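J.: Required output: the full structure, derived from the provided sequences and hints.
The sequence shown runs 7 to 179 under this note's numbering.
Hints listed in this document are in silico derivations from the structure and should not be mistaken for laboratory results.
Mixed in with the good hints there might be a few duds.
[As the list claims (entries may be wrong)] Below 20 Å or equal to it, Euclidean Cα-Cα: the simulated PhoX-like pairs (lysine-lysine) are:
no.: 1; residue 1: Lys101; residue 2: Lys74
no.: 2; residue 1: Lys159; residue 2: Lys105
no.: 3; residue 1: Lys159; residue 2: Lys101
no.: 4; residue 1: Lys73; residue 2: Lys57
no.: 5; residue 1: Lys153; residue 2: Lys97
no.: 6; residue 1: Lys42; residue 2: Lys73
Predicted, not measured: the structure shown is a model, and the values here were computed from it.
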Amino acid sequence: MNDILENIDWFITLFTFIGGIYMYVSHTRRLNNQQKKLNAQQEQLNDQQTKLNEYQLQKSKEEELEKKQALIEAYVFKTMDRRGNSAWRMKIYNKGKAKASNINFESESLEMDNSINLLIADNTLPIPSLLPQGSVEFAVILCTGHKLSHRFKFTWEDESGIDRSQEQDVIFQ
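T.: Have a look at this one:
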């Protein structure tokens with residue numbers, strides 16, 4: 007009878023030992039799976055943070071460059087002169103965030119249109135400088151039969167570099 011009880015004790019001990027090993031392996035496996043999932047999530051978060059940092063850096067560089075850039079544009083508008091008569095003016099303005107200097111423009115199609123005259127003094131161009139949101143105006147004489155739109159090429163310098171340019175269609179109506 008002692009042998010049977012002793013065998014039962016050994017059997018219970020063995021069963022407890024195997025159960026403990028099984029529980030340890032099962033628990034370790036579950037922890038490893040959780041750790042893998044956490045590592046994958048952390049890697050995903052790190053990738054997102056890296057992309058966010060790159061985006062913020064790129065945006066910061068673009069904003070810094072934008073602060074150094076001028077943007078020259080023009081439009082023609084109808085107004086009244088001192089006597090109350092209709093008059094046309096062309097406004098050239100700096101739409102950018104930096105000072106523009108040595109501002110010049112040319113338009114081949116305008117040079118060929120004899121029905122439009124820009125009244126610009128000989129020593130006016132190039133315009134020495136325009137501060138941000140600054141502008142200059144020139145008188146325009148429009149005759150019947152003029153072409154409604156002319157392509158202008160504006161050139162200038164600013165803090166971002168020399169020889170900046172932009173083309174724009176200016177409407178004369």
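J.: With reference to the structure, classify each hint as holding or not holding.
T.: Here is what the structure says about each hint:
Under the criterion of a C-alpha separation no larger than 20 Å, the hint pairing Lys101 with Lys74 is consistent with the structure, at around 12 Å. Taken as a hint, the Lys159 and Lys105 pair is honoured in the structure, with Cα atoms around 19 Å apart against an allowance of 20 Å. Between Lys159 and Lys101 the alpha-carbon distance is near 16 Å, which keeps this suggested pair within the 20 Å criterion. A C-alpha spacing of about 24 Å is found between Lys73 and Lys57, which places the hinted pair above 20 Å, so the restraint is violated.
Distance check on the hinted pair: Lys153 and Lys97 sit about 18 Å apart at the alpha-carbon level, within 20 Å; holds. Of the supplied pair hints, the one linking Lys42 and Lys73 is violated, its CA atoms being roughly 46 Å apart against a limit of 20 Å.
In summary, the numbered hints that this structure violates are 4, 6.
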